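Visitor: Single-letter residue listing:
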Amino acid sequence: MISSLSLIFLLCATLLGAIATLILKRGVDKTKSFRKLFKETSLLGGFFIYAISVVLYIFVLRKEELSVVYPLASMTYIWTTFFSVKYLGENMNFWKWFSLFGIILGAFLIGVGS
Amino acid sequence: MQEIFLNDQNHKKAFILMIACTLFTSIGQLLWKLGIVKINFSLPLSLLNFPFLLGFVSYGVGASLMILAFKNGELSILYPLIATSYVWISIFSPLLFSTDSMNIWKWSGVFMIVFSVSLLGWGSSKKDKKDKVNKYKVNKLNKIDKIDNEDLVGELNQSMRLDESEELNKLNELDVLEGVKID
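Sequences listed follow chains A and B, in order. Letter by letter, the first sequence follows residues 6 to 119 of our numbering. Letter by letter, the second sequence follows residues 218 to 400 of our numbering.
What you were told as hints is all true, and nothing was included just to trick you.
PhoX-like, lysine-lysine: derived pairs with alpha carbons at most 20 Å apart:
hint, chain 1, residue 1, chain 2, residue 2
1, B, 347, B, 229
2, B, 288, A, 41
3, B, 230, B, 347
4, A, 91, B, 288
5, B, 288, B, 344
6, B, 230, A, 37
7, A, 35, A, 91
8, B, 343, B, 354
9, B, 357, B, 346
10, B, 288, A, 37
11, B, 230, B, 346
12, B, 230, B, 349
13, B, 229, B, 344
14, B, 352, B, 288
15, B, 250, A, 68
16, A, 35, B, 288
17, B, 343, B, 288
18, B, 347, B, 288
19, B, 344, B, 230
20, A, 44, B, 288
21, B, 229, B, 349
Hint data in this document are derived by calculation from the structure and do not stem from the laboratory. Model, not experiment: these values are computed from the prediction.
In isolation and in its complexed conformation, chain A is listed as follows:
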């Protein structure tokens, strides 16, 4: 089905993507004005980590089929939601959970169709 190396790469890629987004969000929250956004160094860190995850994705996409990669890649949404609750103090409720699962299901369906 899918090689274990690709699985590991995907796991890392999704985690790194979520971590990168978390860093970006934190960096944005810290800045009080639009101008200071450009000086915010953590944004660069976030983009760099995101770039690493993109490289991992490219490796995986060369080997594996989209129908398998798409659903697994949607793990990013779960990680990001988890991080935002734990580190950003956000709260989950029913409609957020429902939308999250709907989106993962949608990604899965698109993957199957690809």
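Following the hints, position chain B against chain A.
Guide: For chain B alone, coordinates are given in the frame of chain A:
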């Protein structure tokens, strides 16, 4: 722990920015796919072909829009919107690449994502209204808490009661009285 300055949240604005972001990142991906066939690694200059570079630009625009969106909303609401890029790609890719085509799976996936995103949008606007009301109430209560003098507190309480009609007007302004639970 560095000071976190919580920006006022406006999820409608953040939503529009995120959807625009996904449009640009999707266009960027499609441009990359167009440009990558032209690349011949033995000829480094071929990297500088037009679709490939334009893809980077498009991606950059998308990333900037995402940053702006993050300023206005919660991550748990905005990040799932990235799935909208699946929708854009599913729609545009068959138009650009003959090897791609739509099918029932893709359509149902697109529908599911659009539905979930709409649900997210509806829920976030409710949340915004609720947050506004709570913020307004907290501001009012803070004015009382900060005062030690008991007489003044009594007076303020009185004026709060008299201001009930003013509060109702404020809530009307915020368009909140339509079924939003205030706890």
